[in-house]
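Residue numbers (my numbering), protein chains in the order written: chain A, 0 to 110; chain B, 87 to 202.
Where hints are given, some of them may not hold.
Straight-line Cα separation of at most 25 Å, PhoX-like style, residue types lysine-lysine; simulated pairs [said to hold, decoys possible]:
no., chain 1, residue 1, chain 2, residue 2
1, B, Lys102, B, Lys159
2, A, Lys69, A, Lys98
3, B, Lys89, A, Lys56
4, A, Lys69, A, Lys8
5, B, Lys194, A, Lys98
6, B, Lys156, A, Lys56
7, A, Lys98, B, Lys156
8, B, Lys159, A, Lys98
9, A, Lys70, A, Lys8
Read the hints as simulated data drawn from the structure, not as lab findings. Since we're looking at a predicted model, the values are computed, not measured.
Given next are the chains, with one letter for each unit.
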Amino acid sequence: NAGVTQTPKFRVLKTGQSMTLLCAQDMNHEYMYWYRQDPGMGLRLIHYSVGEGTTAKGEVPDGYNVSRLKKQNFLLGLESAAPSQTSVYFCASRDYDEKLFFGSGTQLSVL
Amino acid sequence: AQKITQTQPGMFVQEKEAVTLDCTYDTSDPSYGLFWYKQPSSGEMIFLIYQGSYDQQNATEGRYSLNFQKARKSANLVISASQLGDSAMYFCAMRSFITGNTPLVFGKGTRLSVIA
Chain A
0 NAGVTQTPKF RVLKTGQSMT LLCAQDMNHE YMYWYRQDPG MGLRLIHYSV
50 GEGTTAKGEV PDGYNVSRLK KQNFLLGLES AAPSQTSVYF CASRDYDEKL
100 FFGSGTQLSV L
Chain B
87 AQKITQTQPG MFVQEKEAVT LDCTYDTSDP SYGLFWYKQP SSGEMIFLIY
137 QGSYDQQNAT EGRYSLNFQK ARKSANLVIS ASQLGDSAMY FCAMRSFITG
187 NTPLVFGKGT RLSVIA
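In isolation and in its complexed conformation, chain A is listed as follows (with noise of 0.2 Å):
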């Protein structure tokens, strides 16, 4: 019963350097989201997918890269990565029930 997979659950970063966030799901949800939360600002979408194949941006999606090859995972990556984005990563899915599947974060730090 594993529902959102996200992995690394750390990850610590030069600046510079580049990642790749996975988020799996196994509830064959048509809906995937990326977000990020820094102390104060609650949750603020990144780029979010409505099927496989399919991405689109968020509120904040500068400096991030999706991509959704198979309907389970969502693949957030990070080409050059900046202090700015030190945070916490939650991916998200859902199906057509309203209710959001959360996975338990990524805590990234870039030095």
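Starting from the structure of chain A, add chain B where the hints point.
Just chain B, lined up with the frame of chain A:
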């Protein structure tokens, strides 16, 4: 555009008392949903309760109820008989149903501390 406002950065409540966490929203869409999530110190996001804009009655889930006042555009969360385990961040969120693709928009959250 949709917007969620939570005006209480932090709240304290005595154990076993009831507490209301405020949430106001802004949307011009007639059909939408309102959600509350809890985030304990462990970090996971836990779904608590949902209210649809056309629902006639206020939603309830155990000790949680949503005080939905459509004309005022408010969706306050009421927690009855507070427990120490209720200490957490609480987020209000909404989604427009005009299109199926609209993502969930979150407020900035309220940190609730339950005192023994």
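We went through each hint and held it up to the structure:
1. Lys102(B) <-> Lys159(B): Violated - the C-alpha atoms of lysine 159(B) and lysine 102(B) are around 29 Å apart, more than 25 Å.
2. Lys69(A) <-> Lys98(A): holds (22 Å)
3. Lys89(B) <-> Lys56(A): Holds. Lysine 89(B) to lysine 56(A) sits at ~17 Å (cutoff 25 Å).
4. Lys69(A) <-> Lys8(A): holds (22 Å)
5. Lys194(B) <-> Lys98(A): Given pair lysine 194(B), lysine 98(A) holds - Cα atoms ~19 Å apart, limit 25 Å.
6. Lys156(B) <-> Lys56(A): Violated, because 30 Å separates the two Cα atoms, which is more than 25 Å.
7. Lys98(A) <-> Lys156(B): holds (21 Å)
8. Lys159(B) <-> Lys98(A): holds (21 Å)
9. Lys70(A) <-> Lys8(A): holds (22 Å)
Consistency with the previously given hints fails for numbers 1 and 6, ordered from lowest to highest.
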